[in-house]
Amino acid sequence: MELQTWLAFFAACWVISLSPGAGAIASMSSGLQYGFWRGYWNALGLQVGLAVQIAIVGAGVGAILTASATAFYAIKWFGVAYLVYLAVKQWRALPMDMSDDAAVRPIGRPLALVFRGFLVNISNPKALVFMLAVLPQFINPHAPLLMQYLVIGVTMICVDLIVMAGYTGLASKVLRLLRTPKQQKRMNRTFAGLFIGAAAFMATLRKAVV
Numbered sequence: 001m002e003l004q005t006w007l008a009f010f011a012a013c014w015v016i017s018l019s020p021g022a023g024a025i026a027s028m029s030s031g032l033q034y035g036f037w038r039g040y041w042n043a044l045g046l047q048v049g050l051a052v053q054i055a056i057v058g059a060g061v062g063a064i065l066t067a068s069a070t071a072f073y074a075i076k077w078f079g080v081a082y083l084v085y086l087a088v089k090q091w092r093a094l095p096m097d098m099s100d101d102a103a104v105r106p107i108g109r110p111l112a113l114v115f116r117g118f119l120v121n122i123s124n125p126k127a128l129v130f131m132l133a134v135l136p137q138f139i140n141p142h143a144p145l146l147m148q149y150l151v152i153g154v155t156m157i158c159v160d161l162i163v164m165a166g167y168t169g170l171a172s173k174v175l176r177l178l179r180t181p182k183q184q185k186r187m188n189r190t191f192a193g194l195f196i197g198a199a200a201f202m203a204t205l206r207k208a209v210v
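Just so you know, this note's numbering puts 39 at position 39 of the sequence shown, and the rest follows in order with no gaps.
Mixed in with the good hints there might be a few duds.
What the hints assert, rightly or not - Lysine-lysine pairs mimicking DSS-like chemistry, simulated, CA-CA at most 25 Å apart:
hint, residue 1, residue 2
1, Lys185, Lys89
2, Lys173, Lys89
3, Lys89, Lys76
4, Lys89, Lys182
5, Lys173, Lys185
No wet-lab data here; the hints were simulated from the structure.
Work out the full structure, taking the sequences as your base and the hints as a guide.
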């Protein structure tokens, strides 16, 4: 991959990662609930999902999946259902007692958070279709494809890790300002609404757009 091509792709990665989406919402939700270091496991899961999607596109399977209405809608409705599940879970989350500065956040299981992030990304057909349309534009078909997709994958994942660290860290700092159960309840329901909004947006995706 030529340097100018990589620089263009690098810039595009920042735009893509900074755009608010289900991944950003999940990262902020995890940071809010578990703090930065524990909540960041969710971001690692997002990258596993992203890596799988890049591999699918690189292997040519993405074209098959996007050509199949059944596969597209199966992935879409699974993603919708999972985002609704996260919304219900966030809505029902109990506020913590923050009256004591020594109060600790709940301890989330790393593997559970990784799996959560993985499902958020892998169940988004829009992301797969988007990468199928965009990634080939940065690929030189006359050069070895494996190395080019490795460069693309590493670049996207590194940028997304930085961006999701920002989302997770910002939310974890906000948590310190939420002292009363009422404030925390309001924030939990705000995130629940964001998850529902992401699910509603995903539900509007149609195969004809692909």
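Tell me the numbers of any earlier hints that the structure contravenes, in ascending order. As far as the earlier hints go, not one is violated by this structure.
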